[in-house]
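S.K.: Need the complex rebuilt from these two chains, each delivered in its own frame; the hints are there to steer you.
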Amino acid sequence: MFIKRLFPNRWARIAAWTGAAVAWGTTALAVQAATQTTTDAAEEPPPPPPPTTVAEVTTTTMAPVPEPPERGLVVVRYTPVPPPPPEVIVRTVTVQAQPTPSSGGGGGGSTAPPPPPPPTKSKGS
Amino acid sequence: MKLHTFRAMGTEVSVVLDEGHSAEQIERFFASRERRFSRFRPDSDLSRLNADPRETVPVPPDMARILTLAEQMRTRTEGLVDPAVGDAVRRWGYDVTFEEIAGSRREAPATPSRTPRWRIDDGTLTRRPGTALDFGGIAKGYTCDQAVEMGLALVASAGGDVRSAHPEATVEILDPWDDRSLTVSIGRGALATSSRTRRRWSTDVGEAHHIIDPRTGRPADTPILSASAWTATAVEAEAAAKAILIRGADGLAWAERQPWIRSALAVWHDGSVYATVGWEVAA
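Protein chains in written order, with my numbering: chain A, 5 to 129; chain B, 10 to 292.
Honestly, I wouldn't trust all of these hints.
As the list claims (entries may be wrong) - Derived, one-sided and incomplete: chain A residues facing chain B with beta-carbon distance under 10 angstroms:
| id | residue |
| --- | --- |
| 1 | R17 |
| 2 | A67 |
| 3 | P70 |
| 4 | R75 |
| 5 | Y82 |
| 6 | P119 |
| 7 | P120 |
Just so you know, the hints here were simulated from the structure itself, not pulled from any lab data.
The C-beta atom is built at its ideal place from N, Cα and C for all residues, glycine as well.
Okay, chain B solo, but in the shape it has when bound (with noise of 0.2 angstroms):
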């Protein structure tokens, strides 16, 4: 078993590998996902699915599968986690990657944007026109998912969306201070940590970060610094995360509801950090 780290997808990823496993082979994986559903590629399959004026589209396979996850993850989420922001992400200044916006400033929106709708139905995307799609963190966490079920690593991690497939594996969850909050087992599973204490510019009227509330257009207003949760898939942890964050005080109430939402913690805005009951500690 060995450590293999790389950068893909504009973050740093970590994969788990075992007798079998390929580095080259997980490397490629990876790039070939950042060209389908990366938003800052203009050649991405996503990049040419924005740009296409047409209402109802086909998509392919992946396309699909991936949007009918994000449909899923939106009903799940009650509606705050809906790749739709995209409009409302570049408006708000995150339109382009963000070691190019790290130090400069941008004009906020004049008016919050209204997210538009869309859906898959077998293979085939509907939207309103100028809907703009990005997937963010789900496309990571789906990247991962799909890189333990389809056997090529043990454990795959990109950008704080964990998933793995040893009965064992343990996740340190750290604070926006590098602290370690917790040391959690999630074994065959998922976790991540979605922060708004990353990813951060300057606008006009304050500081702007890319956690979007979808049901005002703008950036989530809200006394979590960074929520994380446990789930099956990484795909779905990512939303639980942002979820719990986007909602604010009663994110951790709403997650203990959630039969798929295993258990999840929130790091507060005065540095306190409270969980739901159930995680497994690890030593």
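So here's chain A without its partners, still in its complex pose (with noise of 0.2 angstroms):
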């Protein structure tokens, strides 16, 4: 009665319901996105914490190779091996015994000459 007084007209209340229902619809879909928003947000996780610093490492200042002489550096040997162990015992030059023939003497005249002594060794100290 109420609705048939205030909308006379049949095509009027069918605009008014529609536009009731619309909005109803409206409101909801807002309010049900809004709760999904606000869970959503507490969802969500952390942001990811800032970079670490990394640590410093401790750098050598170790020449990778030596400078080059003006007239050329020969390279005897290249074959990278770790560190030799510690050594805390003396120990110093030896040298290889390798008896050699004297040049005899006798007769005058001119010598032989000496035969070459036997290598010795340089390992330093």
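M.R.: Right, here's the structure in full:
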């Protein structure tokens, strides 16, 4: 009755009901969307922490290769090996005994050149 | 020709003797030089000189001679080889013979020591108070030089310092792993190897070795494990090898510019071996 009195025209009532339904649906969707947004926001993982500072590594100042001399550098050996273990016992020059014949004399005149001495070793002290 | 080996000056000495040479005589000669130049013997001339409080001291002729040579080496190496590091060596814990150091732990000096200055003029040593001299390898090289020049041996080798009067002398240069780096002909000349992998000991700040850098008063921080030099005399070879080792990366380039160094070789920290040109490689 009230509706008929307020909207006496049939098409006006239809329009009023349609508008009310649309308004109700829109409100319902808006409320649902707002609730979903709130939930999503609550479940979002925290932002990743800022990148941590990389620990400083002590770098050695060891030169990779020697500075080349003007007349050239000879690579005698290039076979990288681990550093030698600590050595605390003194062990120094050793020379291999190689008995060599003496340049025996006898008679005058020229003498043959002396034979070379045995090789000596040098390792450092 | 025969080989004779004995122990003197805290190391093994090898000499090549020809006819007329006396093994006993050469041993006595090395013993006499040890009594003069060892800093480990309290009765040596050097220990008495270091204990003398005077700043200006007249020294015996042989002491004046080795001091003059040491002064020349200090100049040629631009101050890198200086017996006045004796104070720093002691402060770093090398105050007893190396046999006594082995296995022990020493305290590092709190502050780097400053190398005092000294000079020798006409047989008179002038030095700053507290200056302690340590000839180290210079004394070994000097003794080898004298032994050969005085005709006591054809070849004399002490602690890696070799001096030869034989035209066909060869030397095997060993690396810290005891592998042969190179066999070279030195003829009438000298060769010495200086290494920081030997005579090492522990301190409270890490490992130390006996090669002191006079610029810092600390064990040399260098990429070179051992360096060898070929020169005319063993004193020169000893000084050259030590200077190359202390200089580090530019050691070989520096050696190549020195007219008194014939050739040089360095064993790098990674085991590689580099050399200047000029070595006469023996078979």
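S.K.: Would you mind marking each hint as holding or not holding in the structure?
M.R.: Hints, one by one, checked against the model:
1. R17: Hint on A:R17: violated, closest Cβ of chain B at ~97 angstroms, above 10 angstroms.
2. A67: 4 angstroms, holds
3. P70: 5 angstroms, holds
4. R75: Holds - the Cβ of A:R75 comes within 10 angstroms of chain B, reaching about 5 angstroms at its closest.
5. Y82: A:Y82 check passes; min Cβ-Cβ to chain B is 5 angstroms, inside 10 angstroms.
6. P119: Given a least distance of 7 angstroms, the restraint on A:P119 holds.
7. P120: With Cβ-Cβ at 3 angstroms, under 10 angstroms, it holds.
Comparing the model with each numbered hint stated earlier shows that hint 1 is the single one that does not hold.
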